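Protein sequences appear in the order of chains A and B.
Under this note's numbering, think of the first position of the first sequence as 1, with each following residue one higher.
Under this note's numbering, think of the first position of the second sequence as 1001, with each following residue one higher.
Treat the hints as calculated values from the structure; they're not laboratory data.
It should be emphasised that the depicted structure is a prediction, and the values quoted were computed from it without experimental measurement.
Honestly, I wouldn't trust all of these hints.
Computed list of chain B residues with no C-beta within reach of chain A, every gap over 10 Å [to be verified]:
{"id": "1", "residue": "E1007"}
{"id": "2", "residue": "S1012"}
{"id": "3", "residue": "R1093"}
{"id": "4", "residue": "Q1099"}
{"id": "5", "residue": "T1101"}
{"id": "6", "residue": "E1116"}
{"id": "7", "residue": "V1129"}
{"id": "8", "residue": "K1134"}
Incomplete in silico selection of chain B near chain A, CB under 7 Å [said to hold, decoys possible]:
{"id": "9", "residue": "Y1051"}
{"id": "10", "residue": "V1060"}
{"id": "11", "residue": "R1065"}
{"id": "12", "residue": "H1100"}
Note that CB positions come from ideal geometry on N, CA and C, so glycine has one too.
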Amino acid sequence: MEQKEGCVGPARGPIIEGEPEEEKSKKEGISMKVKVGQPAIDFEANAYVPGEDFKTVKLSDYKGQWIVLCFYPGDFTFV
Amino acid sequence: MKELGVEVLAISTDSHFIHKVWQEQELSKMVEGGVPFPLLSDPGGRIGQVYGVYDERAGVDIRGRFIIDPDFVVKAVEILTPEVGRNPEELLRQIKALQHTRNTGEVTPSGWQPGEKTLKPGPALVGKVWEIWKPQV
Chain A
1 MEQKEGCVGP ARGPIIEGEP EEEKSKKEGI SMKVKVGQPA IDFEANAYVP GEDFKTVKLS
61 DYKGQWIVLC FYPGDFTFV
Chain B
1001 MKELGVEVLA ISTDSHFIHK VWQEQELSKM VEGGVPFPLL SDPGGRIGQV YGVYDERAGV
1061 DIRGRFIIDP DFVVKAVEIL TPEVGRNPEE LLRQIKALQH TRNTGEVTPS GWQPGEKTLK
1121 PGPALVGKVW EIWKPQV
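Kindly generate the complete structure, drawing on both the sequences and the hints.
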């Protein structure tokens, strides 16, 4: 989904199948950890995509490909 | 990565605006043209929480790396403390091993590198692994 310039539409964050929005927010904070051998948990996030600027992306947009998802502590840090 | 058909996604608690400035101000000076992959934003660490990598005291996502196969199944996880950087060579090795096992049904022994011997699991191999493969210690 393309965003208007300057627009900061909040992205949905984790998307847990089959649960209404309210239930999901109640469950936030409960650890729903991803496990090896189990399906990845889908999510929606705002992103900076080189060459395309700002977009909202879902992990499941990349389904069918190999994905390497890398969390890191912060921009402009040292390692 | 591209030639292996792998999509890389980086994600931190920084906003997508910060990501853009980081790419322009710093990353583009480290890597020619900047990094080629999307930088995702996880405000409040909500995504990091479900992936088990959000550090509540520091308010950041620590260094967690997940390899997800084309069926959307998590195949490998590595989580490191913020002070220690990752090893891209080991990541590549794991991707090549995962792709090999997916394509051939063979399995890769400890320390396997692309091109080396793999194992074909089956009744004939039970108790006979030593005949074809020994660990390098």
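- Task: With chain A as the partner, please determine if R1065 (chain B) meets the hint condition of a C-beta pair closer than 7 Å.
- Result: Holds, about 5 Å.
- Restraint outcome when H1100 (chain B) is required to lie within 7 Å of chain A by C-beta distance: violated (12 Å)
- Against chain A, does S1012 (chain B) keep a CB gap of more than 10 Å to every residue? violated (5 Å)
- Item | chain A contact restraint on V1060 (chain B) - CB to CB distance below 7 Å | Given a least distance of 4 Å, the restraint on V1060 (chain B) holds.
- Is it correct that the beta-carbon of Q1099 (chain B) has no partner in chain A closer than or equal to 10 Å? Incorrect as stated: the minimum Cβ-Cβ distance to chain A is 7 Å, not above 10 Å.
- Would R1093 (chain B) pass as off the interface with chain A, using Cβ distances and a cut of 10 Å? It holds; R1093 (chain B) is separated from chain A by about 13 Å at its closest Cβ, greater than 10 Å.
- Message: Please check whether Y1051 (chain B) passes as an interface residue: C-beta within 7 Å of a C-beta belonging to chain A.
- Response: holds (5 Å)
- Say whether it holds or is violated: E1007 (chain B) keeps its Cβ farther than 10 Å from all Cβ of chain A. violated (5 Å)
- Message: According to the definition I'm using, a residue is off the interface if its beta carbon is farther than 10 Å from all beta carbons of the partner; does T1101 (chain B) meet that for chain A?
- Response: Answer for T1101 (chain B): holds, closest chain A Cβ roughly 13 Å.
- Item | Non-interface claim for V1129 (chain B) versus chain A (Cβ beyond 10 Å) | holds (23 Å)
- Query: Would you say E1116 (chain B) is clear of chain A, with no C-beta pair closer than or equal to 10 Å?
  - Reply: The assertion about E1116 (chain B) holds, with a minimum of 21 Å to chain A.
- Distance rule for K1134 (chain B), whose beta carbon must clear each one in chain A by more than 10 Å: holds (27 Å)
Going down the numbered hints, you'll see the structure goes against 1, 2, 4, 12, while the others check out.
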